[in-house]
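Given the coordinates of chain A, assemble chain B onto it according to the supplied hints.
Protein sequence lines correspond, in order, to chains A and B.
Start counting the first sequence at 315; every next residue gets the next number (my numbering).
Start counting the second sequence at 315; every next residue gets the next number (my numbering).
Errors might be hidden in some of the hints.
Because identical chains share one entry, a pair is satisfied inside a single copy or across any pair of copies.
What the hints assert, rightly or not - BS3-like, lysine-lysine: derived pairs with alpha carbons at most 27 Å apart: (1) K448 x K657; (2) K498 x K460; (3) K339 x K653; (4) K653 x K377; (5) K713 x K653; (6) K713 x K498; (7) K339 x K713.
Hints are computed from structural coordinates only; laboratory data are not their basis.
Residues per chain, in single letters:
Number of protein chains: 2
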Amino acid sequence: MADDSQRPLFIEEHARLHPVDLADKLLRAPDGERIKLLTHLPREIAAAALAELYEDQFEQVTKGLPEERIVELVGELPHDDAADILGEIEEERREELLEALPDEVSAPIEELLRYPEDTAGGIMSDRFITLTAKETVSDCQERLRKQVDRQRDDISYLYVVDVDQRLVGVVPLRELVFAMPESKVEDVMVRDVKFLQVDADQEAVAREFEDYGYLGLPVLDHAGKLVGVVSASEVFEVAQEEATEDMQLMVGLSGEERSSTPWPTSLSRRLPWLYVNLATAFIAAVVVACFEKTIDAIPALAIFLVVIAGQGGNAGMQTLTVIVRDLALGELEPGDGRKALFKEILLGTINGVAIGIVVGFIGWLWKGNPTIGLVAGVAMFLNMVAAAMFGVLIPFGLKALRIDPALASSILLTTVTDVAGNLLFLGLAAIVFAQL
Amino acid sequence: MADDSQRPLFIEEHARLHPVDLADKLLRAPDGERIKLLTHLPREIAAAALAELYEDQFEQVTKGLPEERIVELVGELPHDDAADILGEIEEERREELLEALPDEVSAPIEELLRYPEDTAGGIMSDRFITLTAKETVSDCQERLRKQVDRQRDDISYLYVVDVDQRLVGVVPLRELVFAMPESKVEDVMVRDVKFLQVDADQEAVAREFEDYGYLGLPVLDHAGKLVGVVSASEVFEVAQEEATEDMQLMVGLSGEERSSTPWPTSLSRRLPWLYVNLATAFIAAVVVACFEKTIDAIPALAIFLVVIAGQGGNAGMQTLTVIVRDLALGELEPGDGRKALFKEILLGTINGVAIGIVVGFIGWLWKGNPTIGLVAGVAMFLNMVAAAMFGVLIPFGLKALRIDPALASSILLTTVTDVAGNLLFLGLAAIVFAQL
Chain A
315 MADDSQRPLF IEEHARLHPV DLADKLLRAP DGERIKLLTH LPREIAAAAL AELYEDQFEQ
375 VTKGLPEERI VELVGELPHD DAADILGEIE EERREELLEA LPDEVSAPIE ELLRYPEDTA
435 GGIMSDRFIT LTAKETVSDC QERLRKQVDR QRDDISYLYV VDVDQRLVGV VPLRELVFAM
495 PESKVEDVMV RDVKFLQVDA DQEAVAREFE DYGYLGLPVL DHAGKLVGVV SASEVFEVAQ
555 EEATEDMQLM VGLSGEERSS TPWPTSLSRR LPWLYVNLAT AFIAAVVVAC FEKTIDAIPA
615 LAIFLVVIAG QGGNAGMQTL TVIVRDLALG ELEPGDGRKA LFKEILLGTI NGVAIGIVVG
675 FIGWLWKGNP TIGLVAGVAM FLNMVAAAMF GVLIPFGLKA LRIDPALASS ILLTTVTDVA
735 GNLLFLGLAA IVFAQL
Chain B
315 MADDSQRPLF IEEHARLHPV DLADKLLRAP DGERIKLLTH LPREIAAAAL AELYEDQFEQ
375 VTKGLPEERI VELVGELPHD DAADILGEIE EERREELLEA LPDEVSAPIE ELLRYPEDTA
435 GGIMSDRFIT LTAKETVSDC QERLRKQVDR QRDDISYLYV VDVDQRLVGV VPLRELVFAM
495 PESKVEDVMV RDVKFLQVDA DQEAVAREFE DYGYLGLPVL DHAGKLVGVV SASEVFEVAQ
555 EEATEDMQLM VGLSGEERSS TPWPTSLSRR LPWLYVNLAT AFIAAVVVAC FEKTIDAIPA
615 LAIFLVVIAG QGGNAGMQTL TVIVRDLALG ELEPGDGRKA LFKEILLGTI NGVAIGIVVG
675 FIGWLWKGNP TIGLVAGVAM FLNMVAAAMF GVLIPFGLKA LRIDPALASS ILLTTVTDVA
735 GNLLFLGLAA IVFAQL
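Looking at chain A on its own, in the form it has when it is part of the complex (with noise of 0.2 Å):
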């Protein structure tokens, strides 16, 4: 227990951090200290490292706070990330604090959840520098001297709006610096402006931000007024949780489950998903079953059937992962699904020879059969150019049904290649061996 005489000390030490590092301190603080950080803690130092929390740890770490202490910090935050935080709360908690809240307050975060979180406008902060065209540089440094939170502000263009809010150009902020004090605005403002529109889809602006190395691109809403600006770093944290979904959709995982997730939820998403696996594994059982007289007949087989349908699920995945991620990263275009197809068909046919021979041998001095080593190389083979081909055609298919080209789709993959690897291999074995 600490004793109250410290407190000051305590607080005071807390204060001097990071926003990032004393938001670490509070989720991982015991309940009767966190909240006396929070109760405590200048307001905008408190609001500050609330801003790094991911979204949904908000109300974990808010719990047990007075009602007004939390309204005056939800106050306190940036518009966006107080748009992010009530996006995921519950509706109705959500209403009840944006009530509370100073209507100039409320008024921009209601302006901010009006748009889909995953695209520019979800994403987009509402701070940003206007100049207008007719303005002379020294005007604006003056301007801005009065006008600007230095601490906060990491200012890297200002925007250059007409009349009605429609943006006409940027100026770069070195040039406040490097022009001369009495060129005008418009002279000095870059005209060929790169926007964003304000529905584009968060994952195509991390690839503007990735391709062209942009510091921050301005918002247009479709008159073309300027509502908001992404900055780089906003999107840094999108483009990491983008990989992260591409990853976790394609094993059967939501996208957004890290090893925080309270287990109930990881439980919740996880098992739907190991269910429809499941289905797909008996689908490929049900193949097995077909042959069972033929592998009553010879048991031998049942050793391969393992091998080759795991085998094909394997090389399958490498062309998978290959293809999902080109496809996120616009490495690849719809377009380019052909070019894709014969390489990686190219490929499971090369390896598919590699390893066919390798499986036939090792079948043919097994089992001393060169039979059962001929019908396993060449089930192998085929099921490594079928897991090529389905490699390449479940994302294809699936961005073209405008589904995300990694949902699901291992578990569709090994689909394929159990019950091809099964269907290949017994059904050669059933007639071959039927016709010795």
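Quick look at chain B alone, frame taken from chain A:
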């Protein structure tokens, strides 16, 4: 064929493209057109496009160009891009090009080439602007107006160094706009500077940027001297590469494969892992072989083999994917293994019961044999728990061995789930049915 009289227009049009788009054109253009463009485009425009390529595409894109032009273009590249490109090509060729460059260009490139490519030193740029503490703000402005290449430098910070080039502070560019012209640099600079060690791992660097949202960070050598800067956009690419690498390493890819990778390269990287996987698949097959008599007695067992092994593999992949990604993003530290293990085993147990019961009932109803159902259900349950356990232990184990936690982890995991699945199921069956 383009008419020769049209050439200036053709060149002119391409010269106006953004370097990223020009690079894309060069990659897709037929040889003749590509060479024409690279020969006749203004040197700095051609070089800007080349700087946007992946390092390993440089040789392909400059193939057929006269040697002097290649040297000229390399000399025009930012030093860090030149170093990245030269780092990728064969040593002999690299020495040749470095020889051909003037000393004042080759010296800084060779300096950058000394740093491993996946460290802060390997990704940093050597273009940065330094100030001294005693200068006034207006002196700085004056000097910078002449010094800065406005086309090229996207400056966010200026670095304050002492006579030994040791970093003593940072001045955000905005301070040069907002500070009073007569103030001294030392009065406006930030003294408590975040910096990177030159040998810091690039994954850790990406984490810093993501957590703290920097636009750029200075890089210091072990004497505290400023040797370079890393920008957010550079790190953004690194983070995307690291995410791709994690996805790819898990399934037995090199971590650097794209769909545009030439097929012989893909083949040489994928096939070895397929052989590794084949070897592990045969370990699982040997387990099956040990129980050939049991299968001979009850061929229906073969049906459930693939289900139990496959389902375990998929459940384990869910766990593995969360753990690998969280380790990469720093959400999990090596010390968090116990907590993660506890959660995943809990999930594995509950999922195992939920899936095991279904498998058991299907086994019973399908085969009309409650004992087969019971054996299949129990084996399924146990394999799910094993999958969860190894989904945590494999990446944490690799990490402890200082190996990338993603490396071949899915191959290792499916080996475990295949072997354990087969052994549990057939072993239990052998015991139970021997006693009946």
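Outcome of the hint check:
no., hint, in the structure
1, K448 x K657, "neither (57 Å within a copy, 62 Å between copies)"
2, K498 x K460, "both (20 Å within a copy, 20 Å between copies)"
3, K339 x K653, "between (51 Å within a copy, 18 Å between copies)"
4, K653 x K377, "between (54 Å within a copy, 23 Å between copies)"
5, K713 x K653, "within (16 Å within a copy, 37 Å between copies)"
6, K713 x K498, "neither (48 Å within a copy, 57 Å between copies)"
7, K339 x K713, "between (41 Å within a copy, 25 Å between copies)"
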